[in-house]
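Guided by the hints, dock chain B onto chain A, whose structure is given.
Quick mapping for you: the protein sequence lines, in order, are chains A and B. In this text, residue positions in the first sequence follow the UniProt record's numbering: the first is 1, and each later residue adds one. In this text, residue positions in the second sequence follow the UniProt record's numbering: the first is 1, and each later residue adds one.
A hint or two may mislead.
Repeated chains share a single entry, so a pair holds when one copy, or any two copies, can fit it.
Claimed, not checked - Mimicking SDA-like on lysine to any residue, the simulated pairs with C-alpha atoms at most 20 Å apart in a straight line are: (1) 242 with 492; (2) 59 with 72; (3) 549 with 531; (4) 556 with 531; (5) 258 with 188; (6) 243 with 627; (7) 133 with 62; (8) 551 with 184; (9) 464 with 597; (10) 715 with 540; (11) 564 with 260; (12) 298 with 582; (13) 246 with 326; (14) 534 with 597.
The set of hints was computed from the structure by calculation and includes no laboratory data.
2 protein chains.
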Amino acid sequence: MEKTSFLCFSIIFFTVFFIFSSSFYSLSKPGFIGSSRCTEFSSISKTTQVHKPTTHDHKNSVPHHPLDPLTIQEINKVRAILSSYEPFASSVPAIQFHSLSLDEPDKNQVLAWKKGDPLPPRKAFVIALLNGKSHRVTVDIDSSQVTEHNIHTGSGYPTLSSDDLSTALQVTLSDAEFNQSVTNRGVALSDLACVTLSTGWYGSDEENGRVIKVQCYSSEGSPNFYMRPIEGLTVTVDIDRKKVVKISNTGRDIPVPKSTNTDYRYKAPSEKKKSLNPISIEQPKGPSFIVEDRHTVKWANWEFHIKADQRAGLVISRAMVEDSESGELRSVMYKGFSSELFVPYMDPDGNWYFKTYMDAGEYGLGVTALPLVPLNDCPRYSYYMDGIFVAADGKPFVQSNMICLFERYAGDINWRHSEIPLFGFQIREARPKVTLVARMAASVGNYDYIFDWEFQTDGLIRIKVGLSGMLMVKGTPYENMNQVPHHHQDEMTGTFVSENVIGVVHDHFITFHLDMDIDEDGSNNSFVKVNLVKEENLTGKSPRKSYLKTKRHVAKTEKDAQIKLKLYDPSEFHVINPSRRSRLGNPVGYKVVPGGTAASLLDHDDPPQQRSAFTNNQIWVTPYNRTEQWAGGLFVYQGRGDDTLAVWSERNRPIENTDIVLWYTLGFHHIPCQEDFPIMPTVSSSFDLKPVNFFESNPILGAAPTFEKDLPVCKLIDSW
Amino acid sequence: MEKTSFLCFSIIFFTVFFIFSSSFYSLSKPGFIGSSRCTEFSSISKTTQVHKPTTHDHKNSVPHHPLDPLTIQEINKVRAILSSYEPFASSVPAIQFHSLSLDEPDKNQVLAWKKGDPLPPRKAFVIALLNGKSHRVTVDIDSSQVTEHNIHTGSGYPTLSSDDLSTALQVTLSDAEFNQSVTNRGVALSDLACVTLSTGWYGSDEENGRVIKVQCYSSEGSPNFYMRPIEGLTVTVDIDRKKVVKISNTGRDIPVPKSTNTDYRYKAPSEKKKSLNPISIEQPKGPSFIVEDRHTVKWANWEFHIKADQRAGLVISRAMVEDSESGELRSVMYKGFSSELFVPYMDPDGNWYFKTYMDAGEYGLGVTALPLVPLNDCPRYSYYMDGIFVAADGKPFVQSNMICLFERYAGDINWRHSEIPLFGFQIREARPKVTLVARMAASVGNYDYIFDWEFQTDGLIRIKVGLSGMLMVKGTPYENMNQVPHHHQDEMTGTFVSENVIGVVHDHFITFHLDMDIDEDGSNNSFVKVNLVKEENLTGKSPRKSYLKTKRHVAKTEKDAQIKLKLYDPSEFHVINPSRRSRLGNPVGYKVVPGGTAASLLDHDDPPQQRSAFTNNQIWVTPYNRTEQWAGGLFVYQGRGDDTLAVWSERNRPIENTDIVLWYTLGFHHIPCQEDFPIMPTVSSSFDLKPVNFFESNPILGAAPTFEKDLPVCKLIDSW
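Just chain A, with the same shape it has in the complex:
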């Protein structure tokens, strides 16, 4: 692993290019990672957890679990194997690696594996570009053999590499016409910050190779260049031919917005500002979870495998929960991850129409997940995990502290009941709620996506996405609404969030792949819609005129499970194991509890919606197929939507009594407001996977309350 690879590869998505003319960009105040005097008490800790950002040695790490990601050594070996494999060996220029990650063993191999068993053969799956062709290569690491190799013939290209981005920038910045345009706008080239935007796909005439659109900002006076667009200047770059295809410069009358109040970095307050007293989640005995072999998490009644993936970000596998009666570990989910993230902006303008990003497949959610900030992104006592990723040259690098794991106590109540204190009899039972959170935050250019997987002791898994970071804004000649002529107001595609700055309306859709395996035999699962139906015409039978009744519909084929949520015809959606029933005869299952239900409302034949047709429904169910991992297809970049979840589902395969995958899309409509300027307070939505007759009874019935004697005595450091 070389430092340069890391730095180089980190230039991703809206890659920013700075030419530094001054010392303006001093390092932002770090200070977050201080020394904790809590370690003085380490002798009382009963766990091996440390309370500071975890440091892992990756040089000599070896895989311990069939799903463990490739190690540095394995990645290096794959690169070595391919460097002597034709046609890559003799290719000039060298091949570009767009993906190099574990080719997961077949599910039955993983399910059969027990700790202590030898690992199934380790394989790598590689996507590489050579002379404009996308190659899919499978490498058997143990035997040093390429076992599969084929060339992609469908539409679309692999995820952008860091080299693609730097190429686009170099080509742009070397263009005299572009430079002149920038200068004409009054922006010094030394203040230029440019982002590399995926171009989408808008018809065959547009297609002539891999292209990126470059747009730029002024970083003069503020690191928050995102609020200072050079509006209406778009450079289309052919990445492979390394040339400018087109320069669109339609925004000459639009000033670059000022930098006033755009800087969000912390500066120690000059005057005495009201600030809150210190508050923290404290665990004097340390957290209650353990992480075995770096990837297997054991906490309370849960056990699961967690890893970082360059494209998906955080991946949870083999999630199992202890049966509250037998104590056996029971399977809930084989694999869950964010499969795609679709962000269409709502502006038909020539410089905006194409902004319909698919962040996972075009940029990668793991590779954009930068190190989390201790104490601020994650509480004290968090455990941090790294990602081992691969740069365009095939070299591994460490994405450090990109996942944190922590126990959460938010003052919430797991269950409670009070009974009136009558005749000396009184019930005052309440149990505090403590959960385990696995978190990652992807900074995909301007936007920050916080992904939380929260595990509860009652068996529920909450999957939450928080949005922060910066708006993608549009420059306008007007300073504010009062200046906009009435006949122009209708043309506005967003809200004034600052002078000359429009926050453009947009949506976010995060589609999760949830390979549910309910109980041992996860190959025998079914999807059931439990519909609440109104019964009427009760005259003579009841003083009531209506009531709601449940009707169960087992989905036979995929089309039965293309679910558009209905507020006024509500249903629950269960994944059950028909071969396992509770002692009361109820099928055991988990339900998906929708949340963040905003739907994509674009025309189905609008190109971005065709490519993101996986957002046509909030829920889909497909039969398990190891090649169907990415809702927008494996090759998303400039893809035409010919390999999406929607296409697979149209095949209408049987999904009853088989191994099924649930897909859920969390949606947000975002109409910006001034509070979103210059950085957005986090907005979150979540959905749940919740046991439904999975346990024989409340699994946390026997949970203990908190007693004062168990809690710590705390002092401020400076009062010692």
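Chain B in isolation, oriented as in the chain A frame:
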């Protein structure tokens, strides 16, 4: 205040009557309230907060704010005034007090009042029953005069009093036929636990005075009698005539379910159970909020008045947030509270059809909110508040520790952004999210409703309701699904949650009264629907075929603001102040962000839905009217729905540029599952009130990050 009043009045809702034959009901293990050694450090505390349940002296307390609830002395004075006021003075039997609380001064008086000013005249509003008539009486406390007195002539009766409940029980338990029925079911009278159920209203033939339905359970072997119904035995009692109207005994073939695994009380574990390490929210300097004069809360940028109300529970008034630029306190909401709680069960059976509770108006959410359990209902460092309520005899009593206030840190992120570490330039800015929560938990019989009002520093208010406690279950002759003949399965109205026990499907709707006053001149507010409309037919104008655009519709009259949420025709819903615009020309406002969107789907002409017609829409807006506080009407008990929010709204009054009230209904459909037995893990939903162009920019831009040096050093008590 007398202890007897307290105990007596506490027999509310599903009032339980126990005849004790054994010492079975020992006090449940208390232990929660221990001594905190944190007080050893009280010298470092900079606040006046204590970390233990707060003890208030109420005997000599005086009101400090126009909205402060009546004090004990004031209540006693009102009772004294009425005891010499005809017709109450000479009435035999004595009048029954169903409500006695502050008659809030007119809004303009409250708004004009400043700290230090004399209080506007203190008045009490009394609802009393005398000879079957509901009297509404207003008493001027200072002048000792009854200033208004009228008799209610519409439908419905006041909220049940404790005497009503004990009357219903005494009448039932004195009935020989009833007792024989119980004995015949094999239940010892000494094990009987009975609940008093509101009867709803189902047609004029049913009406012949105030009635309660009594149903009973066996408490043998478990305090969780709720899981052991004596199914199909319902006694209808005329409360005023003190006699049994009818006994329905149709469940003779249904056994009383066993008590196995129903007890949820904590017992120290006999064997070594895996338990989590201690975890707590620690604040070595104490919390950052202060409570002035017991009711005015100041925290971060927020200030509001909070009080306990016997009917509504927790009431937030005069919520104001500091402008992030000018520092001025700006009005957000004049008053917010849970106005009604509608819980229809979905079973047309003769013993079930009437279970369509309106918990606020029929029982009261404040009076059923028992003391919170420190450390388990609320975290350490919580501040506890009492309610001063009134018993049926007009005497005051203290509902202690019924509200807690605490700061929450859940490991969440207020805002963040990371930027790639390029050329020595790096952004890693994140701010932890700390909020203030005001909580109450109403145990309305079997169900527990946790009400949280959460204030965020970014100006957002989250209103959350959590459901826990026990299901209302139905006995069945079948032990499990396998025994149910196929032709009977369709008749099931719920899920088997234990042997012979069906958890019946039901809904919960909590309707909030939100008197928004956006900015000083809250009398000039408007309601705006910001609709996201799809624009199409862009051929020739853009490569895109569609995009979403906002269209604003200002509601002119109430019918314009009868909102049924639409998933596929989405809108934002703003309350704005048209006379105040941001510097960018956007109207300042707050939006209601829906959540918990389940809608009531009963027929509009079904009697319970007529009475709860306020759930016909999720959002309503009415012009402010001080008499329109209770969505189901002032007199809900056996009411016919002639005074609901739906009736008011049909008048279609103008609501533009005036003082308006927003109503939001949080809804839950609940299909029970085995995990809900014998006590339910909390299920929560929430909605938000969120600033939208209210602030000129992100109000927490300048928030400081957490530094390690600010955090405490903690040890377990037993390690000192």
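Tested hints:
1. 242 with 492: neither (35 Å within a copy, 69 Å between copies)
2. 59 with 72: within (7 Å within a copy, 72 Å between copies)
3. 549 with 531: This pair counts as within: shortest intra-copy Cα distance 8 Å, inter-copy 33 Å.
4. 556 with 531: within (16 Å within a copy, 37 Å between copies)
5. 258 with 188: So residue 258 and residue 188 pass the 20 Å test inside one copy only (14 Å; across, 81 Å).
6. 243 with 627: Cα proximity of residue 243 and residue 627: none, with 35 Å in one copy and 72 Å across.
7. 133 with 62: For residue 133 and residue 62, the Cα distance exceeds 20 Å both inside one copy (33 Å) and across copies (82 Å).
8. 551 with 184: neither (67 Å within a copy, 36 Å between copies)
9. 464 with 597: So residue 464 and residue 597 pass the 20 Å test inside a copy (13 Å) and across (18 Å) alike.
10. 715 with 540: neither (70 Å within a copy, 68 Å between copies)
11. 564 with 260: neither (44 Å within a copy, 41 Å between copies)
12. 298 with 582: neither (26 Å within a copy, 51 Å between copies)
13. 246 with 326: neither (67 Å within a copy, 47 Å between copies)
14. 534 with 597: Classified as between; 18 Å across copies, 23 Å inside a copy.
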